[in-house]
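Q: Just so we're aligned, residue 0 is where the first sequence starts under numbering that gives the first Met the number 0, counting upward by one.
Hints in this document: simulated from the structure, not taken from any laboratory.
Mixed in with the good hints there might be a few duds.
[As the list claims (entries may be wrong)] Here are the simulated distance ranges between beta carbons:
hint : residue 1 : residue 2 : range
1    : Asn444    : Lys155    : 53 to 59 Å
2    : Gly245    : Lys21     : 20 to 26 Å
3    : Ala389    : Asn444    : 38 to 44 Å
4    : Asn404    : Lys267    : 32 to 38 Å
5    : Arg335    : Asp307    : 41 to 47 Å
6    : Asn78     : Asn380    : 36 to 42 Å
7    : Asn380    : His96     : 54 to 60 Å
8    : Ser377    : His96     : 34 to 40 Å
9    : Glu12     : Asp307    : 24 to 30 Å
10   : Asn404    : Ser304    : 20 to 26 Å
11   : His96     : Asn20     : 42 to 48 Å
The beta carbon of each residue, even a glycine, is placed where N, CA and C say it ideally should be.
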Amino acid sequence: MLKLFNTLTGRQEVFEPIEPNKVRMYVCGVTVYDYCHIGHARSALVFDVLRRYLESCGYNVTFVKNFTDVDDKIIKRANEHRVSCDAVTTKYIQAYHEDMGKLGVRVATEEPKATEHIADIIQLTERLVAKGLAYAVEGDVYFEVAKYQEYGRLSKRRLEDLQAGARVDVDERKRHPMDFALWKSSKPGEPAWESPWGLGRPGWHIECSAMSMQHLGETFDIHGGGMDLIFPHHENEIAQSCGATGKEFARYWVHNGFVQINQEKMSKSLGNFFTIREIFEKSAWSEEVTGEILRYFLLSTHYHSPVDFSDQALKEAKQALNGFYDLFNRLNEPSRSSGGDRDALQAAVERTRKSFGQAMDDDLNTSAALAAFQGLRSEVNKLLGPGLSAEDQRRVREEFRALGNNLGLFQLDRWDFNVRIEPQPAHLVLTTFAPTVTIEAAMTNAQIEAKLAERIDAKKCKDFQRADAIREELRSLGITIEDKPDGTSRWKR
RNA sequence: GGCGCCGUACCCAAGUGGUAAGGGAGCAGUCUGCAAAACUGCGAUGCAGCGGUUCGAACCCGCUCGGCGCCUCCA
């Protein structure tokens with residue numbers, strides 16, 4: 000039984016969908032005016048995992064994630080670069096898919112854009128005006144927060160408190176300082192659509208209400224996003240949606256915590272952010288990072304807590320993954336035993352399934368879930384001492400893959416994520432590791448195998464100096480050799 | 001001023017009333033030609049501090065200290 004922390008009630012609650020076996024969820028995506036940073040990655044990842052887990056629990060999940068493709072920041076960016084808004088949004092939507100693809104974030108069921116739903120937005124705005132919850136002034140339309148009695152119930156704020164703390168310049172035309180724009184009149188040269196209030200464009204909050212209603216209905220199961228969206232974005236969505244329909248909007252509100260740098264929120268305004276691609280492209284980071292490493296790192300903390308991003312944290316994630324792929328390499332090798340302790344293996348697998356499920360059911364406790372994997376890794380390593388049958392080796396590898404799929408981990412065939420980038424072009428070989436990056440490797444697999452064969456010969460002749468030299472040569476290229484008891488060796492990048 | 005979050009070993013991190021998971025690093029050992037990997041052993045008498053409730057508290061309550069977030073665009 001999955002329990003989720005619901006921001007709306009401030010409690011953990013058992014998740015029960017409106018329709019049995021069906022889950023409808025909406026997550027606020029990004030405003031496409033720049034590359035995504037790790038904070039965006041975390042949010043996307045958390046809900047990707049939630050979606051995967053719900054699916055593996057047997058639910059049919061409709062997952063909607065929007066792109067905000069009309070916005071002040073986009074207009075600003077377009078003007079700066081003297082290109083159209085469309086050029087900006089197209090570029091960054093594509094970049095989003097590339098970056099998230101490398102992270103192994105699956106594409107949502109629907110990924111609507113605000114500009115594709117202008118008619119729905121206008122309709123919803125008209126509905127709010129007709130109900131007396133919104134008013135038009137000089138081509139702008141505002142939602143009147145005082146008319147929605149429950150305003151503040153998500154963020155646990157009272158209108159009076161907000162008023163006291165408001166630091167914004169008050170627009171004289173607004174009836175209440177917290178009233179927010181549903182529709183904005185446009186200046187010449189800005190993207191604009193015909194509306195009952197003249198040429199204009201939608202405000203930020205209304206698009207999510209319009210699109211979620213369109214794709215998921217007036218009431219749906221889960222609404223997610225980053226903590227910073229609780230107020231005012233999600234609060235406003237609730238006001239708009241519930242105001243218009245008179246029905247509950249979303250039943251479970253799930254919010255992920257921030258990625259921090261040195262204990263501080265990572266954000267554009269603080270200038271302390273890292274984009275996903277700069278991490279993949281190495282830049283300041285001394286070691287190569289793949290999607291799976293970043294994924295492992297981000298999942299090693301519970302989604303609700305802040306997670307501190309650092310070079311060391313990334314290294315630790317990488318090391319932890321190394322351990323798993325070392326085991327998978329062993330499991331991929333020919334079995335040395337026909338029997339092995341099958342019962343013990345079966346028991347370990349069942350224990351892991353159970354603790355993994357319990358961890359995930361407990362508000363997606365991914366750190367505990369990873370601990371379950373670590374436990375299995377240790378037990379299987381022990382059982383591999385005496386040896387396991389070929390079938391058991393295959394089965395337990397599949398178990399890691401199947402269970403790991405919930406987290407988007409352990410899907411690669413072999414440990415190829417530690418590829419070293421060598422500066423000599425003559426040796427460069429492009430290697431692709433879906434769902435990771437394409438990077439340049441110093442040696443092809445065949446070249447490595449040849450070196451390995453050479454070294455095994457040297458070892459047979461007791462020419463350890465030669466054997467060590469070859470090992471050292473490969474090591475300098477980032478390739479590690481492990482000798483097995485039978486005289487052969489395995490290697491990894 | 002209002003609302004809220006966090007503080008667990010050298011590091012990361014679970015646990016939220018029943019007597020401190022897990023991982024990494026470190027040290028010692030087994031194995032190995034040497035390594036690597038794996039395995040074994042060692043590591044918080046204590047969970048920021050101080051009080052309180054309780055048979056029992058890291059977990060509940062109060063206060064204090066330290067760090068952070070939201071109230072303005074923000075994942």
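Q: Tell me the numbers of any earlier hints that the structure contravenes, in ascending order.
A: The structure breaks hints 3, 6, 7 and 11; every other hint is satisfied.
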